[in-house]
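Participant: If you want the building blocks of each chain, they are given just below.
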Amino acid sequence: MKVKSLADLKKIKAEVQEKIKLREQGENADKIVQIKVAMATCGIASGAKEIMSYMIEELDFRGVDAIVSQTGCMGYCYAEPTIEVIVPGQSPVIYGFVSKEKAKEIIEKHIVKGELVDGIIPVTFKTIDE
Amino acid sequence: MAENKMHILVCGGTGCRASQSEQIVNNLKAELESQNLNNDVRVLTTGCFGFCEKGPVVKVVPDNTFYTEVKPSDAVDIVNEHIVKGRPLQRLLYKNPKNNYKVTSTAGIDFYKKQVRIALRNCGFVDPENIDEYIGRDGYEALGTCLSDYSPAEVIDIIKKSGLRGRGGGGFPTGLKWEITSKEKNDQKYVVCNADEGDPGAFMDRSILEGDPHSVIEAMAICGYCIGANKGLVYIRAEYPLAINRLKIALSQASEYGLLGNDIMGTGFDFEIEIRYGAGAFVCGEETALIHSMEGSRGEPTFKPPFPSVSGYLGKPTNVNNVETFANIPVIINKGAEWFSSIGSENSKGTKVFALAGKVNNVGLIEVPMGITLREVIFDIGGGIRNGKKFKAVQTGGPSGGCLTEKDLDIPIDYDNLIKAGSMMGSGGMIVMDEDDCMVSIAKFYLEFTLDESCGKCTPCRIGNKRLHEILDKITKGKGTEQDLERLKLLSNVIKDTSLCGLGQTSPNPVLSTLLNFEDEYLAHVREGKCPAGQCKDLLKYEIDPDLCTGCTLCYRNCPVGAISGEKKSVHYIDQSICIKCGVCFQKCKFKAISIV
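First to last, the sequence lines map onto chains A and B. Per this note's numbering, the very first residue in the first sequence carries number 4; after that it's consecutive. Per this note's numbering, the very first residue in the second sequence carries number 9; after that it's consecutive.
Hints may be right or wrong, so weigh each one.
[As the list claims (entries may be wrong)] Computed list of chain B residues with no C-beta within reach of chain A, every gap over 12 angstroms:
| no. | residue |
| --- | --- |
| 1 | Ile126 |
| 2 | Gly304 |
| 3 | Lys324 |
| 4 | Glu346 |
| 5 | Lys415 |
| 6 | Leu417 |
| 7 | Lys428 |
| 8 | Lys549 |
| 9 | Glu551 |
| 10 | Thr561 |
| 11 | Val569 |
| 12 | Phe599 |
[Unchecked claim] In silico SDA-like pairs for lysine to any residue, Cα to Cα no more than 25 angstroms straight-line:
| no. | chain 1 | residue 1 | chain 2 | residue 2 |
| --- | --- | --- | --- | --- |
| 13 | B | Lys485 | B | Gln595 |
| 14 | B | Lys482 | B | Val605 |
| 15 | B | Lys13 | B | Ile91 |
| 16 | A | Lys105 | B | Glu30 |
| 17 | B | Lys589 | B | Val502 |
| 18 | B | Lys121 | B | Glu137 |
| 19 | A | Lys7 | B | Phe277 |
| 20 | B | Lys497 | B | His477 |
| 21 | B | Lys474 | B | Leu493 |
| 22 | B | Lys497 | B | Lys538 |
| 23 | A | Lys129 | B | Phe453 |
| 24 | A | Lys7 | B | Glu137 |
| 25 | A | Lys7 | B | Glu149 |
| 26 | A | Lys5 | B | Gly236 |
| 27 | B | Lys487 | B | Gly464 |
| 28 | A | Lys7 | B | Tyr158 |
| 29 | B | Lys13 | B | Pro70 |
| 30 | B | Lys474 | B | Gly510 |
| 31 | A | Lys7 | B | Glu30 |
| 32 | A | Lys16 | B | Asp278 |
| 33 | A | Lys129 | B | Asn355 |
| 34 | A | Lys7 | B | Ser159 |
| 35 | B | Lys122 | A | Lys112 |
| 36 | A | Lys116 | B | Phe453 |
| 37 | B | Lys121 | B | Tyr158 |
| 38 | A | Lys129 | B | Glu149 |
| 39 | B | Lys324 | B | Asp278 |
| 40 | B | Lys474 | B | Phe453 |
Everything labelled a hint here was simulated from the structure, so no lab data went into it. From the three backbone atoms N, C-alpha and C, an ideal C-beta is built for every residue, glycine too.
Can you make the complete structure from the sequences, with help from the hints?
Facilitator: This is the structure we're talking about:
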């Protein structure tokens, strides 16, 4: 795919945003959950890779429809591995010090039942959109 | 779906735990149980809210009510008022100190706006290996706008008006740098991204390249358009394999989309980027040394002028900017110079990323508006000093910077104020020290680093720093004299005055600033032969108090060198000539009979 002009880029942007929107508000709105795993050097060193693959396997195994993706450093380097769980219609929740046990608990309770679990890290910054 | 109707989040950070937050959790649970609400409401312990000053903090969701300075005895009221009757408990709400209004939710508390993410806007938000996600977040729109709607001079004007200054340390106005390079007439020019992050403890450039590589690529292309270059080079240290890998993926995706290469977005502008690897020498962060290293020569600095903007890579005009500086560019174009310059202090606009490290609770990467105070950074965002110890100093600017102390906590952080206070912004390393850190050893640590990293070109830096290190070593071993302190000052000033590049000119800074702020500590070392922080091994002695020793033989059995002697149930004794001061006996003793003198 080649971007041939600024208008072209904006078209792609609209499409991409549409895709992300679909992810969030699609037919399975109340089922598709997004999980972002912080995978910068600090996260990987603390085992984020294992947690990410564990979560993918565990979600698959349970038949839970969720998108697990990697992202950069969230800044909470003291609490790696860090993951962000976005349940559609709710504000995103960040968990720190995620071990396999914790990941399992998050899947079982937060993602499946919608209950929050111990170990939440409150967000302490504002974004450029605010 | 949700089995619980409400959640009560209680902060479980060190600060709040010290103020009995665990007791609050227990009391809340007990009260909920007694009212038969434990199935409807769940009590959770969270990580640090960062608002330790007003701790313990309790937040109730989904209505996001935020309570501060909660005591364990308040649990009953929270349950009765908020949970049972459904109205916020007025007396525990946070009061805005400016107007005394009570604030109900976190959104209304100024504290949560202390961090503003501009350079890190996409870090931890997008998938760095997927260009679509970057485009979805306004990615490459700034480049498109520049190419189709603005002339190079207009773009430079926007950057100049924004007040953006170089984030790599020097703080040179970015717009001006671009303008100088753009005015040079030459058939070939270069854009260089300096990703040779070398300060111990600083890792913001790596995190940006790992978390949002496209923002740097986009900004380099914009810079190329402005200065009239069609070739970009990223100079990155080989120790950053993940950043390199993600950058490579991003480069190939951008080329595939035609956002790099020939005729970008049909505007006739060509731009391509190559990666150059550095071997991780600190001095190669200096512009001229970096360029020599890229050319394949030894990474040694040369005299300026000529500046790289006149004669840089292969003798051609070259614009060198740091990763974080580039990451700010697309946002400035998209949101305007006025928006950017509304953030920050008078002469330092925008935000700065700091790598907060050392003895603070929340070690990590933070991005704050210029003009914020050190107190806010260390105590509010950083969550205070670990283990309830006392704050002693904070080192900013890495090995070129200096130490700031208690008296500097309330100065607004920006380029000029930090220099006035005897330190510098540097690339943004911020290492916090507590009462257990010995300042002479800290100065020695930084000198060890410069000693390793000096390229050896200038004699004062090569030999002078070695001598400085020897004197400091002597002092930490208790063999220094008061004359040595004078010699330290004199030699430091000679090195500063006679070195060619920034490395030598700033390498004695840690020595000078610790001498200035902690002279009594140096004096304690040379006069009394004591290390007040108890760090210098040669100056401390472990002794057994005969009144407290029970003769349990635990220390005797654990001493790795057999320096302790004594019979069972009689007082033990440490032979100082054998003792290696490992501290094992001190840790093992159950009767506090061993003390450091």
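Participant: Does each hint fit the structure? Answer for all of them.
Facilitator: Here is how each hint holds up against the structure:
{"no.": "1", "hint": "Ile126", "verdict": "violated, 6 angstroms"}
{"no.": "2", "hint": "Gly304", "verdict": "holds, 28 angstroms"}
{"no.": "3", "hint": "Lys324", "verdict": "holds, 29 angstroms"}
{"no.": "4", "hint": "Glu346", "verdict": "holds, 14 angstroms"}
{"no.": "5", "hint": "Lys415", "verdict": "holds, 27 angstroms"}
{"no.": "6", "hint": "Leu417", "verdict": "holds, 20 angstroms"}
{"no.": "7", "hint": "Lys428", "verdict": "holds, 28 angstroms"}
{"no.": "8", "hint": "Lys549", "verdict": "holds, 35 angstroms"}
{"no.": "9", "hint": "Glu551", "verdict": "holds, 37 angstroms"}
{"no.": "10", "hint": "Thr561", "verdict": "holds, 39 angstroms"}
{"no.": "11", "hint": "Val569", "verdict": "holds, 35 angstroms"}
{"no.": "12", "hint": "Phe599", "verdict": "holds, 35 angstroms"}
{"no.": "13", "hint": "Lys485(B) to Gln595(B)", "verdict": "holds, 23 angstroms"}
{"no.": "14", "hint": "Lys482(B) to Val605(B)", "verdict": "holds, 20 angstroms"}
{"no.": "15", "hint": "Lys13(B) to Ile91(B)", "verdict": "holds, 10 angstroms"}
{"no.": "16", "hint": "Lys105(A) to Glu30(B)", "verdict": "holds, 20 angstroms"}
{"no.": "17", "hint": "Lys589(B) to Val502(B)", "verdict": "violated, 37 angstroms"}
{"no.": "18", "hint": "Lys121(B) to Glu137(B)", "verdict": "violated, 29 angstroms"}
{"no.": "19", "hint": "Lys7(A) to Phe277(B)", "verdict": "holds, 12 angstroms"}
{"no.": "20", "hint": "Lys497(B) to His477(B)", "verdict": "holds, 13 angstroms"}
{"no.": "21", "hint": "Lys474(B) to Leu493(B)", "verdict": "holds, 16 angstroms"}
{"no.": "22", "hint": "Lys497(B) to Lys538(B)", "verdict": "holds, 21 angstroms"}
{"no.": "23", "hint": "Lys129(A) to Phe453(B)", "verdict": "violated, 36 angstroms"}
{"no.": "24", "hint": "Lys7(A) to Glu137(B)", "verdict": "holds, 22 angstroms"}
{"no.": "25", "hint": "Lys7(A) to Glu149(B)", "verdict": "holds, 13 angstroms"}
{"no.": "26", "hint": "Lys5(A) to Gly236(B)", "verdict": "holds, 23 angstroms"}
{"no.": "27", "hint": "Lys487(B) to Gly464(B)", "verdict": "violated, 28 angstroms"}
{"no.": "28", "hint": "Lys7(A) to Tyr158(B)", "verdict": "holds, 18 angstroms"}
{"no.": "29", "hint": "Lys13(B) to Pro70(B)", "verdict": "holds, 8 angstroms"}
{"no.": "30", "hint": "Lys474(B) to Gly510(B)", "verdict": "holds, 17 angstroms"}
{"no.": "31", "hint": "Lys7(A) to Glu30(B)", "verdict": "violated, 59 angstroms"}
{"no.": "32", "hint": "Lys16(A) to Asp278(B)", "verdict": "holds, 22 angstroms"}
{"no.": "33", "hint": "Lys129(A) to Asn355(B)", "verdict": "holds, 23 angstroms"}
{"no.": "34", "hint": "Lys7(A) to Ser159(B)", "verdict": "holds, 19 angstroms"}
{"no.": "35", "hint": "Lys122(B) to Lys112(A)", "verdict": "violated, 32 angstroms"}
{"no.": "36", "hint": "Lys116(A) to Phe453(B)", "verdict": "violated, 52 angstroms"}
{"no.": "37", "hint": "Lys121(B) to Tyr158(B)", "verdict": "violated, 33 angstroms"}
{"no.": "38", "hint": "Lys129(A) to Glu149(B)", "verdict": "holds, 22 angstroms"}
{"no.": "39", "hint": "Lys324(B) to Asp278(B)", "verdict": "holds, 18 angstroms"}
{"no.": "40", "hint": "Lys474(B) to Phe453(B)", "verdict": "holds, 12 angstroms"}
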